[in-house]
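Hey, can you work out the whole structure from these sequences and the hints?
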Amino acid sequence: MKKSNRQLEGARAPSKFTPPPLLQTTFKMLGLALIDAFAIWFLYTLAADGVWLLLGVLLLITVGLNIVFLDNRLAPMRWLSPGLALMILMVLYPLVFTVYTAFTNYSDGHLLSKQQSIHLIEKQQYLPAGAQTYRWTAFRSPSGEYALWLIAENGSSYLVQAGEDPRDGSQPISGVGTLDEEGIPQSIEGYQRLSRTEAIRYISELGNLAFGIAPDTFKIKSMDVVAQFQQKYTYHSDSDAFVDNETGMLYHPLEGTFSAADGTILTPGFQITTGWDNFRKLVTSPALSGPLVTIFIWTLVFAVLSVLLTFGLGLFLAVLFDGLGLYKKKMLRSLLIIPYTIPGFISILMWVGLFNPHLGIISLTLKNWLGWSPAWFSDPFWAKVGILIVNLWLGYPYMMLVSSGALQSIPHEILEAARVDGANAWQCFWKITMPLLLMTVGPLLISSFAMNFNNFTVIYLYNSGGPPMPGTSTPAGYTDILISYTYRLAFASGRGSDYGYASAITIIIFIVVATITLFNFRFTRVWEEVSENV
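Quick note: my numbering has the sequence shown finishing at residue 553, numbered continuously throughout.
Below, a list of computed lysine to any residue pairs in the SDA-like style, where the Cα atoms sit at most 25 Å apart:
#1 133 - 116
#2 240 - 174
#3 240 - 165
Derived from the structure by calculation, the hints contain no laboratory data.
Take a look at the structure:
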């Protein structure tokens, strides 16, 4: 008897193994337990270091993951939760941290929390005047651990190891062999005695070690001398101050550093919130706001001209290839797209070579023809012109492709009707083609403006923002835009990085770009209304 089709399909269908509910629950709970154990350890570390913002974000993520995986009603969210957790940690947290940093003194010398700063300052040591010195002999274990045998000037001896109290050498010590004529053990169990030549081989390691128990430890001063150092500063939480154990001077917290009455400070400093000081600095400090105003104006000019020039050339070529029956049109169009296919950083460096005043073909050709060539890198005006030329080369192929597609989507019937009504080619382009074109490419022009507003690559690779502006207290160049100026402040100033001030500038950049973008989008809606009424 023949089997039905449904039976045959059922027989061929592969069996799927579904773990029992108890096993699924066990795996789920074990996974959550591992995540929670790691989170608890990490949160404890963050709390000990006083990193409260990151602690709050990780606590929120951990609680959210537990709720999603424990509540069966949120089962669909389990597939999205890892991505959401990473988005919060890698995208949202940096944004929040940037805003937070703008209201702090976060900079070189103020990179740590107060607890971390206190911990590092308490590790600083000093050698008291007239402190006892010792001759030393090193012993090394096969695992790389060290022990020192010390002999004082009065003949007393001690065995010192890292993390252990010194042991009196005049008393029997387990594992220590007989002493030679100089009073040094011939052997120590588990260690090999180092000769002076062998000690020189390991002196870099030995010099970085502290023997004994902190804060009073023994350190090697030279090949012949070991001395017992003492804790330099002691922190008193009741008065929130450090005491210099050598001089007795007090250091109280002031603007992110522990400072004494005579103006001396302890390093490292720590982060504090400074309110609107970084933003106030932008407005009130002539030394900072002077270059910033110039840089801001050039940033706007650079972004606007980059969009206008690239769109203008791209649209011209698109109209040219769309309306004229050129020979080998497809091949020519493909050649014009080449700048878009080459990585930008390669094209920029190629243009830098072409503009080279001594070897560049463009500069040499202009000198041969005109007897003069622009100072593409040393003159502020021509450096800006050079950057605009490079950016035009990089951007016009994209605009040509976009404009070509937009032109193809415009109905030819509208243009034919306009010509019948007596409109010439110029009127057809400005009254019909351009509004319909802007309806399509308008948002792309806005995104191009936002991209060029933060186009760090062209500025940095062309001339690193140069030539430099004279007389500025912060490094700034004539071709710097806001993002490259921010980079100078944060990473390349040579006077210490000021992350708080740089974060304040990035917030200003965001507000400016967002405002201009919203303003432009409003105009794109106007263009849509105009096009609908055509």
